[in-house]
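Colleague: Here is how the chains run, residue by residue.
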Amino acid sequence: MIAYIARRFALAIVILLGVTLLTFILLHAIPGGPARGILGPRATPGQIAEFEQVNGLNKGIFQQYVLYLGHLLHGNFGYSYKLNQTVASVFAQDLPKSLALVGPPTFLSLAIGVPLGLWQSQRRDKLDDHLITGVGYVLYAMPDFWLAFILIDFFALRLFWLPPNAPYSPTWTAAFTDAKAMILPWATLTLVSIAVFSRYMRSSALDAMSQDYIRTARAKGAQRGRVLRKHVIRNASIPIITLVGLSIPGLLSGAILEEVVFNYPGIGLATYNAALDKDYPILLGTTIVFGVLTILGNLVADITYAYTDPRVRLA
Amino acid sequence: MSVHTGSQGMLRPAQEKIAEGGEVGVGLRRGEVLHDMFWGGRLARIGTCTIVFVVLFCFVGPLIYRTNQTQANILQLTRPPSAAHLLGTDGNGFDELGQLMIGGQSALEIGLASAFLASMFGALYGAVAGYLGGFWDGLLMRVVDTMLAIPGLLLLILLAVIFSSSLPALIIILALFAWLGPARLVRGETLTLRTREYVQAAKLMGAGSMRIVVRHIVPNALGTIVVNTTFQVADAILALASLSFLGLGPPPPATNWGGILSDGSEYLVQGAWWLVYPAGAAIVITVIAFNFLGEGIQEALGARVRT
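Chains as they are written, first to last, in the working numbering: chain A, 1 to 315; chain B, 1 to 307.
Just so you know, the hints here were simulated from the structure itself, not pulled from any lab data.
Where hints are given, some of them may not hold.
Said to hold, decoys possible - Short derived list, chain B residues pointing at chain A, Cβ under 10 angstroms: (1) Cys49; (2) Ile51; (3) Val52; (4) Val55; (5) Leu56; (6) Met147; (7) Leu167; (8) Tyr198; (9) Pro251.
Said to hold, decoys possible - Here are some chain B residues pointing at chain A (derived, C-beta under 7 angstroms): (10) Val33; (11) His35; (12) Ala149; (13) Ser265; (14) Val276; (15) Gly280.
Said to hold, decoys possible - Over the 10 angstroms line for every Cβ pair with chain B, so calculated as not near, a few chain A residues: (16) Phe9; (17) Gly18; (18) Phe149; (19) Leu157; (20) Trp172; (21) Ser253; (22) Thr271; (23) Thr286; (24) Thr287; (25) Thr294.
No residue lacks a Cβ here, since even glycine has one placed at the ideal position from N, Cα and C.
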């Protein structure tokens, strides 16, 4: 087990280094060079020369990368001249809000999607199975933001049940104190994820049900319910762990779109504004932070998986 | 969809069931394979019909349903559907149905082009990595892992901001985001293919690595690649819509379904449903059609794909 964890850690660090190398390359791919990109089109040659001197941008490319890594390790993600704020402070302020946006839908969609997929596997090829699969297919093919518009149109603009915007507040707690305004954003993300989880759980459960040990258990005379509880659910749920880890990038992408639609001031909205402003430090910083979240998520998922299913460790 | 490589590549999965040896494609001709792929199962048939309909709608539609899509008409802003404008008009006074047709053209063109590009590059990359193995495989695949660690939409935004979004740039950007899947798939396929007798035989005859990859491995992974390309088109159309929604799509006057949706959403408060629902439905229908077709082809080829 320890060897497995060590291997996975080493891989995570290699990928993390890869992400920093990628952002470093992109930083230098900015038309006009990094100094011009960060300071903006109205910076004077003097300011650019000074910026390059101060930030070591006139050193060799390898030295620059080492310097860049050093900054990142110290939590220095750069400075946004557009917002007049360090990138790290933008994250400290906005990241918790984004987590408050994606957290509840993740749990909710698991709590609904997994049993739903299981239900479908038991009702295979019956009308309700086809119906749920069909709805899931449509949700899967739907742009997240379109689903959000539909929900807004119905529940906010026509029925007046819920506000069309998420709470616009500097603190993350607003998501829970003003939960009514979060219902639509949460519902959108939940619906999209339910489609993914139920679809996966259905095929995972069907897969488990076709295994020899299920037939053996049934042949021994175990009741259907017992087989389902003791064998099917246990075995079919394990791959879901990996799926949760893998779905993190999708959730974060979804968060960017939802935050724009609902005007929710998390890291996604900050990224969107940064994209419109060509605020490179924020964009590259977000890339690293999202990369770290994804890598961590996958790492935790892999280790949990190995812990629950010893067969994986040996593979 | 090109089938220049002959039936050998296309038939591999089906042929496996018959024999492991060299009797390639016994009794099945190229035409039958194509028929099976696009017309074999129910899903494939629905997918094919829908795609043909969408293509006709986008490319032939404007010839029948003639609308003025070049001059803004400020006297006809956001009018609800009527006999003159079947789906109403948008915020520029353009006929919405006409906009959908034009927007669909670029959505399909960009989607197909980037999916094709991504599959070609990804397949070659994966085949090279899988064939070389060892250190190079490790290095090449860590590059893929690295890019997969960044949420796709964020990567798209970054690339679109850095390399402004002209049409060719946009196609390349979407492909840059999409080649990772095929690279992984084809690498996996290559790992099994490279141990086959015909690859060993080619190696014995003195063929170089590049020749083996291009002439033997890629053609034999073609079934996997074709299925994946179909899914890629759907993904690319969705990605383009998201990017356009964020204002990073092709700049006006060019338009596509995502852009129409984004512009239309501003009028949702005024109750202009016709600017939001049809464009979204167009995206969903097209994406589902390509997914159906992909699953149909997959069934016909018996290949197990989709990461």
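Colleague: Run every hint past the structure and note whether it holds.
Modeller: We went through each hint and held it up to the structure:
1. A distance limit of 10 angstroms between C-beta atoms decides the matter here; for B/Cys49 the minimum to chain A is near 17 angstroms, and the interface restraint is violated.
2. Hint status for B/Ile51: violated, given a least beta-carbon distance of 14 angstroms to chain A, over 10 angstroms.
3. Contact between B/Val52 and chain A, as hinted, is not supported at the beta carbon level, the nearest pair being about 18 angstroms apart and thus beyond 10 angstroms.
4. Look at B/Val55: its Cβ only gets to about 18 angstroms from chain A, farther than 10 angstroms, so that hint breaks.
5. The beta carbon of B/Leu56 comes no nearer than 20 angstroms to any beta carbon in chain A, farther than 10 angstroms, and the hint placing it at the interface is violated.
6. Interface restraint check: B/Met147 against chain A, minimum CB-CB distance 7 angstroms, threshold 10 angstroms, status holds.
7. Evaluation of the B/Leu167 hint against chain A yields a violated restraint, the C-beta minimum of about 18 angstroms exceeding 10 angstroms.
8. Restraint check, B/Tyr198 versus chain A: the minimum CB separation of about 29 angstroms is more than 10 angstroms; hint violated.
9. For the restraint placing B/Pro251 at the interface with chain A, the shortest Cβ-Cβ distance is roughly 13 angstroms, beyond the 10 angstroms limit, so the hint is violated.
10. A distance limit of 7 angstroms between C-beta atoms decides the matter here; for B/Val33 the minimum to chain A is near 27 angstroms, and the interface restraint is violated.
11. At its closest, the beta carbon of B/His35 sits 25 angstroms from a beta carbon of chain A; the interface hint therefore is violated under the 7 angstroms criterion.
12. This hint holds: B/Ala149 has a C-beta 5 angstroms from the nearest C-beta of chain A, less than the 7 angstroms allowed.
13. About 6 angstroms separates the beta-carbon of B/Ser265 from the nearest beta-carbon of chain A, less than 7 angstroms, and the hint is met.
14. At its closest, the beta carbon of B/Val276 sits 5 angstroms from a beta carbon of chain A; the interface hint therefore holds under the 7 angstroms criterion.
15. About 4 angstroms separates the beta-carbon of B/Gly280 from the nearest beta-carbon of chain A, less than 7 angstroms, and the hint is met.
16. No beta-carbon of chain B comes within 10 angstroms of the beta-carbon of A/Phe9; the shortest separation is about 14 angstroms.
17. With 10 angstroms as the threshold on Cβ separation, the claim that A/Gly18 sits away from chain B is violated: the shortest Cβ distance comes to roughly 3 angstroms.
18. Not every C-beta of chain B lies more than 10 angstroms from that of A/Phe149, the closest at about 5 angstroms, which undercuts listing it as non-interface.
19. Not every CB of chain B lies more than 10 angstroms from the CB of A/Leu157, the least distance being 6 angstroms, so the non-interface label is violated.
20. The beta carbon of A/Trp172 sits about 20 angstroms from the closest Cβ of chain B, which is more than 10 angstroms, so the claim that it is off the interface holds.
21. Not every CB of chain B lies more than 10 angstroms from the CB of A/Ser253, the least distance being 4 angstroms, so the non-interface label is violated.
22. Taking the minimum C-beta to C-beta distance to chain B, about 7 angstroms, the non-interface status of A/Thr271 is violated against the 10 angstroms cut.
23. With a minimum CB-CB distance of about 6 angstroms to chain B, A/Thr286 fails to clear the 10 angstroms threshold, and the non-interface call is violated.
24. Residue-level check failed: A/Thr287 sits 6 angstroms from the nearest beta carbon of chain B, not beyond 10 angstroms.
25. Not every CB of chain B lies more than 10 angstroms from the CB of A/Thr294, the least distance being 5 angstroms, so the non-interface label is violated.
When the structure is compared with the earlier hints, violations turn up for hints 1, 2, 3, 4, 5, 7, 8, 9, 10, 11, 17, 18, 19, 21, 22, 23, 24 and 25 and for no others.
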